[in-house]
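The opening residue of the sequence shown carries number 1 in UniProt numbering; numbering runs sequentially from there.
Check before you lean on any hint, since a few could be wrong.
Unchecked claim - Each pair of labels, with its calculated beta carbon distance range:
1) T53 <-> Y17: 32 to 38 Å
2) I79 <-> N27: 37 to 43 Å
3) K73 <-> T38: 17 to 23 Å
4) K28 <-> D70: 18 to 24 Å
5) P78 <-> K28: 32 to 38 Å
6) I79 <-> D26: 37 to 43 Å
7) L47 <-> E67: 32 to 38 Å
8) T41 <-> L72: 16 to 22 Å
9) L77 <-> R33: 31 to 37 Å
As the list claims (entries may be wrong) - The list that follows gives simulated cross-link-like pairs (lysine-lysine, DSS-like), each with its CA atoms no further than 25 Å apart:
10) K18 <-> K28
11) K73 <-> K62
12) K28 <-> K14
13) K62 <-> K49
14) K73 <-> K49
15) K73 <-> K14
Calculated from the structure, these hints are not laboratory results.
If you're wondering where the values come from, they're calculated on a predicted model, not measured in any experiment.
Just so you know, even glycine gets a beta-carbon here, dropped at the ideal spot from N, CA and C.
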Amino acid sequence: MPNTLEEIELELSKRIYKLFLKKFGDNKSEFARASNCTEGTIRRILLNKQGITINLLLRIAKALEVEITDLLKGLSLPID
1 MPNTLEEIEL ELSKRIYKLF LKKFGDNKSE FARASNCTEG TIRRILLNKQ
51 GITINLLLRI AKALEVEITD LLKGLSLPID
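I would like the entire structure built from these sequences, with the hints used as guidance.
Here is the structure:
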């Protein structure tokens with residue numbers, strides 16, 4: 001499992017991308033509208049070039065029709 005912030009961000013982007021392809025068939029405009037954000041934001045997230053706020057993650061989860069916990073399952077930073 002990923003254990004650094006960068007690895008977690010990459011894994012989250014991968015999970016979102018897989019679900020996005022399944023639901024929206026590579027239509028970033030439709031995904032952006034469903035997520036109530038810009039297409040540029042969606043492109044940067046899918047390319048792992050932009051961080052995701054909790055607010056945006058909630059909107060993405062809603063657009064993908066999944067629970068936010070499903071997107072985050074198994075992702076955690078170790079506490080030293």
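Status of each hint after checking the structure:
no. : hint                    : result
1   : T53 <-> Y17: 32 to 38 Å : 18 Å, violated
2   : I79 <-> N27: 37 to 43 Å : 40 Å, holds
3   : K73 <-> T38: 17 to 23 Å : 27 Å, violated
4   : K28 <-> D70: 18 to 24 Å : 21 Å, holds
5   : P78 <-> K28: 32 to 38 Å : 34 Å, holds
6   : I79 <-> D26: 37 to 43 Å : 38 Å, holds
7   : L47 <-> E67: 32 to 38 Å : 24 Å, violated
8   : T41 <-> L72: 16 to 22 Å : 19 Å, holds
9   : L77 <-> R33: 31 to 37 Å : 33 Å, holds
10  : K18 <-> K28             : 13 Å, holds
11  : K73 <-> K62             : 16 Å, holds
12  : K28 <-> K14             : 15 Å, holds
13  : K62 <-> K49             : 21 Å, holds
14  : K73 <-> K49             : 22 Å, holds
15  : K73 <-> K14             : 13 Å, holds
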